[in-house]
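These protein sequence lines map, in sequence, to chains A and B.
Counting from 105, one number per residue, gives the positions in the first sequence under the working numbering.
Counting from 857, one number per residue, gives the positions in the second sequence under the working numbering.
Incorrect hints may appear among the rest.
DSSO-like, lysine-lysine: derived pairs with alpha carbons at most 27 Å apart [what the hints assert, rightly or not]:
| id | chain 1 | residue 1 | chain 2 | residue 2 |
| --- | --- | --- | --- | --- |
| 1 | B | 1102 | A | 376 |
| 2 | A | 297 | B | 1080 |
| 3 | B | 958 | B | 1057 |
Just so you know, these hints were derived from the structure itself, not from any lab.
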Amino acid sequence: MNVLVIAEHDGQTLNPATLHAVTAAAKLGEVHLLVAGSGVENIAAQAARLEGVAKVLTADAPHYADGLAEELAPLAVSLAAEYRYLTAAADAFGKNLMPRIAALLDCPQVSDLVEIVDADTFVRLIYAGNALVTLKCTEAKLVLTFRTTAFEAAGSGGNAQIAAVPATPAQNLSRFIGRELPQLERPELTQAKVVVSGGKGLGSKENFDALILPLADALGAAVGASRAAVDAEYAPNDYQVGQTGKVVAPELYIAVGISGAIQHVAGMQDSKTVVAINKDPEAAIFNVADYGIVGDLFEIVPELTAALKA
Amino acid sequence: MKALVAVKRVVDYNVKVRVKSDGSDVDIDNVKMSMNPFDEIAVEEAVRLKEAGKIGEIVAVSLGGKKCEETLRTALAMGADRAVHVETEVALEPLVVAKLLKAVADKEQPQILLLGKQAIDDDANQTAQMLAALLNAPQGTFAGKVLIEGNEALVTREIDGGSETVALKLPAVISADLRLNEPRYVKLPQIMQAKKKPLEKTTPEELGVSTALRLQAVRYAEPKARQAGEKVGSVAELVEKLKAAKAV
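Just chain B, with the same shape it has in the complex (with noise of 0.2 Å):
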């Protein structure tokens, strides 16, 4: 059995972005990158998978800019077997995304296909959905554990007010939630190994895809950001102060 992960080079997530002044976009030039921490718990629950047995052989697949390769050489260095790097510099919508995704599950015909639940830059939380519509395929979405048993995948799904399971059958498409797993750190052997490990380019063009964006953003803005208040120097004043803010 085969898993396709896919993963996202993004902002790291300790990073506080900045508004360009001009309202044009998020300033990210020479902030530290990182692979997105949902796709990290992707490829570590497939990595898993195929330590339990229970897969073959793990793709990962990213789209974008020529840095992309650093996060697949990440995820070859956490166990994937071999890269395929969708490389384009336009942005990308995450309906074009699912588009993409399915055009390589198309060439590789996965029965497991993993991604992150959200990426924390756009934070849509819509890919992994979009291509199980696209493949007709069932998704598991939120996924705080995945158990594969026979043709079919048993997924416990985090939801308002605690959790689900259901039954998938194969080839399903699985989106991973923070507690699915803890991802492991690679060590130096194994980012030595993964520079071995074959990466395959493709393009949007290649793939059949139109790129277009659909959606225009047209103004980026700071939020009005909550003031710092006052430090008060019992529980007493606090009460006091709450009372009179009415909030109690």
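One chain only, chain A, in its complex shape (with noise of 0.2 Å):
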């Protein structure tokens, strides 16, 4: 059976977590990258080099150029007759952009799935991670979407056939405005390795720049932030780790003054090493972290920064 991956792209380059998705997808069956955009060529020549993917899709038209999920949406339903699965990694992407092409195929969807058991047999976390689900479903069409560090990324080496499909008509229902991302001089979020997160115990976004930052820098690390200290803006939104935030499994997890509540927890509980500092002997993130120490971060943190750095 032929699976639909819809790949996420800005324009440049294919974003990572596809290649995630891709992995998943190939255990359910022939996987068919669709990359649409204005002006694909050079992501479709990344896409076909995937391993696992069997036929890159191209739709190139200046109503996709912005990932818009009406102009998406209508394209993946028109493709759909073909597959029984269409899916996407359950990134910001792809969690806009699926419901909608499930609710046009009047089809149910998978969110977030963490294991795949068989063809119609999916399993997924619930309740911010602390119940996991087996959800069957025999229907004719499914919507998936993948939870990205739940699978590896494909890798290269692949060779697919690269196909235009027809672009369907504009919806102009929605109009694209502007982006602001702002640059990382760091890994990304979810991609990393090692990942610092810094909690409410900082006290300032001072404080967090002059702990977490250098930390982080002398690990080759990504920053994360626990909600509350977003919301006290010692962070941006998007460093947030958790339920309502970004899930994340690195090889090693420092949490640094975050006490360790179930909705953080749900964003890091997969990672490899967790190591917790916290003045506080009974914070919940002890309870999950492999090695913690009990004490002032102000004065553990820089020791520890210089320690790695030696």
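Given two chains presented individually in distinct reference frames, assemble the corresponding complex, making use of the accompanying hints.
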């Protein structure tokens, strides 16, 4: 059975999340990757080299340029006849687009799944990661989104054929105004091998910057934050790790001044090694940490940074 | 201009749920329930738009068992004008919820449809997008900021790596992210007033929507719990352990 994966890109490069979706989709059948945009030859060429991709479909039209769900959903629907599964990574792009496709096709969606049991059976997390549910669906068509941290990224070495598909008419329901993407000097959060996260315990944005950033740099790590730290504006929104932010599963996760609320733990509990630095010995974060230090983060963090640099 | 706001009654966000020992369901008997936090933000946004003179009437809608009435009374106390309760005891999937909301929207003809971006029980993050699709309306999901200008909604959305702004033709569906606003606390007089506000009842049958489940939950399980590790006494000891574990 064929699987359509909808590729995410910024016009220049394929988003790494799509590589994880390809690996997941390949467990279900032959993978066709849809690359929609304006001027997509370059992206299509990158997509064709992905291992596990049998075919790259390109749809080129100005109204696909900004990735608007209102425009992309009819395109996916126009191709749906050949596929049982329409899929994407469960990041902001996939979460926005895929349910719209599911509703237009009148088929159910399984969101953010972490395991494919068989062709009809999938596992996903509910209640902020506090329970796993196994869902079975024998319908003729299914929309799926994959949790990227649960599947490896597809490698390169493939050589898929590229075929153009006709563009669907512009819907003109919405207009793209602009995008603000703060420059990242560090690895992208969901892709990083090491993540250093700061919480409310840091007390101010100045302390966050002065303590968390040097530690992250010493480790070549991405920077994360708890919701409390984001709400207090110590760090931007997109640093948030948790149920309502990003889900990460790095090799090493260092939680600094984070109490460990269930919503935060939902976003990092699959990390390989967790280190917690907190002055409260009863903090819930110590229940999920492999190594914990109870003490003043203002002393411990600089000491740790210095020790790692040495 | 009219706004429709959808609210869901869910297990309170502070409750850590447990899976029943036979794996048949999640045990939510006798736990505290409240309005889904994202839906509170949606209600608050509707009330603020009304206070700013952009919206004339706010209709709150909830779907589910008898006790959803409490959730609707909370929305009314926050400032919604009236409520619609689609009463049913059966479990509802997001696509069914979207169809029921469309049926209510077809009657009410709102210009703005506000929902939370996800419910904290099923964590599906589907309903708003599905509702927009069924109405052939534009969608402003994960909204961090909403402005109504003429016949458009300007929505700044939270995306990976930052934010983006889109202009949506009305009627439009908007799903609220956490940072859209801080919901107000309701005071006792408002709770008393809310009891007098109209609350209309209907059912999926009356709305002509089938509630048949198409996804079958075959088993529930506890996730593999992380074990608490060890506490170390010094930074030097921590670095030594991390090196031994090849974590750094």
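For each hint, the structure was consulted:
1. At roughly 11 Å between alpha-carbon atoms, residue 1102/B and residue 376/A fall within 27 Å of each other, so this suggested pair holds.
2. At roughly 22 Å between alpha-carbon atoms, residue 297/A and residue 1080/B fall within 27 Å of each other, so this suggested pair holds.
3. A C-alpha spacing of about 16 Å is found between residue 958/B and residue 1057/B, which places the hinted pair at or below 27 Å, so the restraint holds.
In terms of the numbered hints stated before, the structure departs from none.
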